[in-house]
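K.L.:
Using the sequences and the accompanying hints, generate a full structural model.
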Amino acid sequence: MTIAATDNAPDRAAVKLSVKHLTHHFGVFKALADVSLDIRPREFVCILGASGCGKSTLFNAVSGLLKVGSGHILLDGRDIAGKPGEVGYMLQKDLLLPWRTVLGNITLGASLTRGATNDDRAQAADLAVHYGLGDFLNHFPHALSGGMRQRVALMRTIAAGRDLMLLDEPFGALDSQTRIGMQQWLLQIWRELNRTVMFVTHDVDEAIFLGDRVVIMLPKPGRIGSILHVELPRPRAMDCLTSPAFVETKRRIMEMLYSQATLHGVPGPGLQVPA
Amino acid sequence: MLLWVVAIALIFVAWQVLLKLTGIPAYVIPSPGAALAQIHDNAELMRELTWQTVSETFYGYIVGAVVGFLLAVLMAQMPIVHRLLYPALITSQAVPIVAIAAPLVIVFGFGLTPKLIIVAWIVFFPVVVNVLDGLASVDQDQVNLARLLGGTRLRTFLIVRLPACIGPLFSGLKIGASYAVTGAVIGEWTASSRIGLGTFLLSANAQMNTAGVYGAMLLLTAIGIGSFLLVLVAEHFATPWRTRMTAPAWFGRRVTPSAPPPDPPAREGLK
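Note that the protein sequences, when read in sequence, are chains S and D. Position one of the first sequence corresponds to residue 1 (the numbering used here), numbered consecutively onward. Position one of the second sequence corresponds to residue 1 (the numbering used here), numbered consecutively onward.
Keep in mind that the hints were calculated from the coordinates and are not lab data. Incorrect hints may have been included.
[Said to hold, decoys possible] Over 12 Å on every C-beta distance to chain D, these chain S residues come out as not near it, computed from the model:
hint: 1; residue: HIS21
hint: 2; residue: THR23
hint: 3; residue: GLY27
hint: 4; residue: SER36
hint: 5; residue: ALA50
hint: 6; residue: ASP76
hint: 7; residue: ALA81
hint: 8; residue: VAL102
hint: 9; residue: GLY115
hint: 10; residue: SER176
hint: 11; residue: LYS220
hint: 12; residue: SER259
[Said to hold, decoys possible] To be clear about the criterion: a stretch of chain D counts as covered by chain S if any three or more of its residues have a C-beta under 8 Å from a C-beta of chain S, and this derived list gives those stretches:
hint: 13; stretch: 142-151
hint: 14; stretch: 158-164
Here a beta-carbon is modelled for each residue, glycine too, at the ideal position from N, C-alpha and C.
P.N.:
Here is the structure:
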């Protein structure tokens, strides 16, 4: 088990998303303070933090929904700040359209941009069949369980065909058994489809189980407190949740989160804040 | 459906019992049997009258619903139109409908047009108000999602916003359906060259033909209930996701996937 406190300068050529010196205020409230982060292609990065630490602000900034005060967001070297439609996006709310079938919801991206073709539908159907939704293609969303609805929402995100997917607590509303199943399912998809994932969560276990790196964000003002490499071998199965390496990582993360909570904005001992 | 039959039968029974108990003479309130007999005995005339009133109601209703819907869409898209038109809409409903009828006759004469306008006048209002509410209450996250998927303005409107107001639209259509026949009757009273149930009701009243008055009233009621039920049926078919687990064959494109799951390399197009 090795933990690198900060690692913010990977090889330039191998950067999918580069967030540089992002600062944003809501009125007098500083939601993001000089946040910088690079994500490599096919990397799975978890953004972990309590509410109010700016993780959703960061998420909205990268998605293009929020125009940030200052800083740059580069996707494959292009500035995408304030430009929606460049990255995939999924929330805790599945946002499925009740009047569209599962298939219609998966092909929503195509329908909204140029009209879904038979090819789009065939591809979406293959994707859905491969990932266990084959029996539900013609179902309306209300007929599905919460877990199934989130699967459809993720399929919709994947079918939109963006390299980088932003997932904001996508499993936050699910019960813990369903959530563990969904996490493994997500890892399978990520492995097979070669996407880059930025995953926002406040669940420490989830962040460690899924991520290559865990970015710990701290509140007041929202900033990156630390970045941990998760050195757990992949593919990860259930048993890794109880392995010593997992527990050790969790202990380190808890320490950082709690030292922060007690010290009100002053970094705890042993914590390095990136300049 | 059975409940409807039972409910209507109960009204007839109560009507009959009330007459028996109070001893009100038939020239004041006829028995339901006498009213129905009046319809039956003059079947030919009643069919013509009913047809006339139904067509006024129907065409006026369609005009009102279409105008109401288009107005709502326009107002939702252009805030300036919304601000200018909303007071006018309220005003339009504040004017007593009978007062509108007279000037309409002066302008359009005694044909079908003034009657259509009166029916449409009554029908369009609940449609505008409900559709406007529906369009205003679309989930903002849903709209954001459409933006993030790169949706064009028009397609986002058609795929995300418009279907979201189908529920409110049908609420407005149902209210309109039960009022439309009232509009047709008022139209006939003020602007009729061809007689319908409304005009017949007036003349039967003048002739002390109480059974005729009640017969016409029953038929008008039937038109009102029929329109309402038709809208319910239309709603049922227009919104299959409310009542069904899966999409019916006539709803959009169904897909039957080729049976075995494809091997992973088959999905290259999705990367």
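K.L.:
Each hint should be assessed against the structure and marked as holding or not.
P.N.:
Taking the hints in turn, this is what the structure says about them:
{"no.": "1", "hint": "HIS21", "result": "holds, 24 Å"}
{"no.": "2", "hint": "THR23", "result": "holds, 23 Å"}
{"no.": "3", "hint": "GLY27", "result": "holds, 20 Å"}
{"no.": "4", "hint": "SER36", "result": "holds, 23 Å"}
{"no.": "5", "hint": "ALA50", "result": "holds, 22 Å"}
{"no.": "6", "hint": "ASP76", "result": "holds, 15 Å"}
{"no.": "7", "hint": "ALA81", "result": "holds, 14 Å"}
{"no.": "8", "hint": "VAL102", "result": "violated, 9 Å"}
{"no.": "9", "hint": "GLY115", "result": "violated, 8 Å"}
{"no.": "10", "hint": "SER176", "result": "holds, 25 Å"}
{"no.": "11", "hint": "LYS220", "result": "holds, 26 Å"}
{"no.": "12", "hint": "SER259", "result": "holds, 35 Å"}
{"no.": "13", "hint": "142-151", "result": "holds (count 9)"}
{"no.": "14", "hint": "158-164", "result": "holds (count 3)"}
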